[in-house]
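Enquirer: Next come the chains, spelled out residue by residue.
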Amino acid sequence: MSGIDVAAADGPVTGTGGRRVRSVGLLIGVAIVGGYLLAALLAPWISPHGPLELDVADALAVPSAEHPLGTDDLGRDALSRLLHAARVDLALGVAAGVTAYLLGTLVGLVSGYAGGWLDLVLTRVMDVVQTMPVIVMIMILLLVLGRGPVGIVVALALASWVGYARLARGIVLAVRNLDHIAAARLAGLGHPRVLLRHVLPNVWTQGFVFLTSDIVLSVGAIAALGYLGIGIEASTPEWGQMISSGQAFLATNWWLSLAPGLAIVVLGLGLALVSDALTDRLGSR
Amino acid sequence: MTAPALRVRGLTVTLDTAQGSLRAADRVAFDLPAGQAVGLVGESGSGKTTVLRALLGLPPRGSTVAGSVRLGGRELLGLPDRELASLRGTQVAMIFQDPATTLNPIRRVGSQIGEGPRVRLGWSRARARDHTIGLLRLMEVADPERVVRSYPHQLSGGIRQRVMIATALACRPAVLLCDEPTSALDVTTQEQILALLRTAAGLTGSALVLVSHDLAVVGRLCSSVLVMYAGRIVERGPVDEVFADPRHPYTRALLRSRPAATGERTRPVPVPGEPPDRFRPPSGCRFRTRCVLAEKRCASLPYHLTPVAPRLTAARLDATAPLRAAACIHATAPLLRAIGDTPHPGSIGDTPHPGSIGDTPHPGSIGDTPHPGTTGDTPHAEAVRRTDAGGRVSRLAGAGTPVLEVRGLGMEFPGTPTGRPFARRPRLRAVDGVDLHLDRAEILGLVGESGCGKSTMARCIVGLHQPTDGQVLVDGRPMPRHRTASERRRLQLVFQDPAAALNPARRIGGMLAELLRVHGLATRREVRPRCVELLRSVGLDASFLGAYPHALSGGQQQRVSLARALALEPAAIIADEIVSALDVSVQASVLNLLVDLRERLDVAILFISHDLAVVRQICDRVAVMHRGRIVEVARVDAAFSRPRHPHTRRLLAAIPTLPPARRTPA
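First to last, the sequence lines map onto chains G and U. All the letters of the first sequence, read from the start, carry residue numbers 405 to 689 under the numbering used here. All the letters of the second sequence, read from the start, carry residue numbers 201 to 866 under the numbering used here.
Note that these hints are calculated values from the structure, not bench results. Fair warning: this is a prediction, and the values are worked out from it, not measured in the lab. Backbone N, C-alpha and C define an ideal beta-carbon position, used for all residues, glycine too. Incorrect hints may have been included.
Heads up, incomplete: computed chain G residues facing chain U, CB under 7 angstroms, no partners named [unchecked claim]:
1) 582
2) 586
3) 605
4) 606
5) 668
To list a few chain U residues with every Cβ distance to chain G over 12 angstroms, as calculated [claimed, not checked]:
6) 291
7) 532
8) 677
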């Protein structure tokens, strides 16, 4: 008597009915995230100026037709820098998030499925990583790995994979005791196949949903590093650095810090909406 | 004549869901006189529980309730939440299906039972405690002083359900609502609980509403019955009259889908077709899409319960007996009696395309004999039944080595910690020296109460548990401790919960194809046709290949599980309670499928069940298990007519039955 029986007389149900309210959220989310991706892809063509073009004579200009968001203290066009920064921040954020997702899911999968001493060792490693303060750990890793894009991505991934690992491990623990896994083993399938073809399809979706909302944290972390001056090389356009360098002129040219700040916030909103919609879609199976 | 304890008129519950809105209950109306019991029966999704919850003022989220529910003359619908809350427990109380989840695990049983009287009636702690102990005595709980100090997990399922009933009765409610109160219990416990419910309700004067899918349970406890289909009451009347002479085709079909525990062994006839789409129910009579008597006008007739003339018996002179009525154009005609003996055309239960098993030839037939006829109650099935009863078993007896043999199987679990340091409970011997054999094309029933070791034994046999001692032989070859892939596939387990047994993330076709490929059971070009063939053999068509399990009904899921087992070409299938999670109407079709598979594919089946009526229906022999041991193995007819072991007798005595006199029209 529980739930709604969706069985139809003429076969399995394939389509899903309208979820109008949710769909609006998804639409807005996709529009926002799509807008960012377009901006990042097309930045070289739609920017009015080069991101590194100096014009010291026109430094700290107020917004005008020539410079819609004004110029910074070195006379660089703020809008052009904002658009180019989308490339850097999105690329690094997504790369770091995906790396953490892959690493964490793999570790969680193995840990939960194998159990025993391997699980014990891996969960202890997770505990240790999680006890360290994130920013401090990233700073240390950056010292070791160097401040390049690869260093940043690896440092961020190593600092954030534990969440994915715990998530995956928890799901594996629940799934591996279900009858369908027993049935797969009874069917004579080996452990690697059961793990990858039967357990993983039940696990990856949740991590993926987490990933969409987590990317913005990576972007935020990159911006934070940029703000602290230990992120990517100083001249590269990057939202965190833009906020940081605009800080000195908050009283007069407040938009220099506000625009990149808003860029991060709106991106976070868009990703969160997409993540919510994904929860519905992927969760319904 | 006093006013009824409960008077329901035009109760309509409309649910707004993501998929649209649906009427979970449609113009439900009935009277419940004080001290009487009414049963509410129907398939899953028919609206039984929705009605029950609406009576309690707790309709599902996002629903609107219309109509009228009067409790002792007081209108409940529209009452503010506070006032409703004050009525719950004192005026209306509810008993749920699963006492394991409805009792609070972290509170002592005594404080849970006594909470109602203390909070609602303002009783002192001591008075509530005395009352609690009195209630538990009434519930025939041994040592109630100990039980009130216990936590729910320390008690058995039967005791927990008694506690649940005591909790519900604590404030002497006028109406007691019971939602499948015995479905989670063993037959023997179920029998005791039903008897207790009857006496307790009699003593407190409470009227009962009993929701159950089990017609026999309703027959035991209730004086009148309401049959629900797709949110509507389709028939109502006194239990004995409705069961003896159903006037709605659906009631008739439900009664016929239930295997009989006594009398002639006949194949149960499943209710044909699937329940209608609840968002787009058929116009007119909602049952017409599955009805053998459907006519053109059924599609346009408004919902109306036609009164049925009472039979002039002594019982009918009782003025309080409910009036009979049925929502069918044939309600007053004797036509229904006439169809009682005609076969349902292509009645294959929950298959999406009735008749396909029989009507379409099987491409490259799986078994050595093509399957003629339909799976319904046809002359062919008649012949099969006769061979069931004798010929087949004797023909096969001693015909070489058994496909599955179990010798001295034992399984011990280490004792669990008691909570005190270093102290452990003694080792638990779940399976204790079991010897069994299963012949080719035989269905062996394994029965016993829950906790007797049935499932543990099944898991040992297929190799999911490592038995402590003993041997499992397949085709005379002992299975090693660590089985290879090809050894594992020879024994297939089919599980109780069909939803958990299928991987939700994988399409059915892909799942089947993988097994065929991994074991090299089909060449690459044969894989797809073979998958279609497998689905056909369990009564499903090729459209299911691309479906995910969640889109299937329970019966369809269980068929897919069977197809998966068959894909591996096993020597034997171990079926662990595979129909107990299904509706009665669907059960019959899955049981018939098992018998068909045995006929066509010569597959041997170890059929584990707590339901003796079902075992009697389809099995050749039956093994009775008690506390880890097999206490009796016998041919089914012998075991049921001349049980030797006292435990078998106890199990048999506890099966609720519809008395034979009620099954045949007078």
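Enquirer: For each hint, tell me whether it holds in the structure or not.
Expert: Okay, the hints, checked on the actual structure:
With a cut of 7 angstroms, the hint placing residue 582/G at the interface with chain U holds, because the nearest CB-to-CB distance is about 5 angstroms. At about 6 angstroms, the closest approach between the beta carbon of residue 586/G and any beta carbon in chain U falls short of 7 angstroms, and the interface hint on this residue holds. Checking residue 605/G against chain U by beta carbon gives a least distance of about 3 angstroms; that is within 7 angstroms, so the hint holds. With a least beta-carbon distance of about 5 angstroms to chain U, the hint placing residue 606/G at the interface is held under the 7 angstroms criterion.
Hint on residue 668/G is violated. Least Cβ distance to chain U is approximately 33 angstroms, over the 7 angstroms limit. For residue 291/U, the shortest C-beta to C-beta distance to chain G comes to about 24 angstroms, beyond the 12 angstroms cut-off, and the non-interface label holds. The claim that residue 532/U is not at the interface with chain G holds, since no C-beta of that chain comes within 12 angstroms of its own (minimum 29 angstroms). With a minimum CB-CB distance of about 16 angstroms to chain G, residue 677/U clears the 12 angstroms threshold, and the non-interface call stands.
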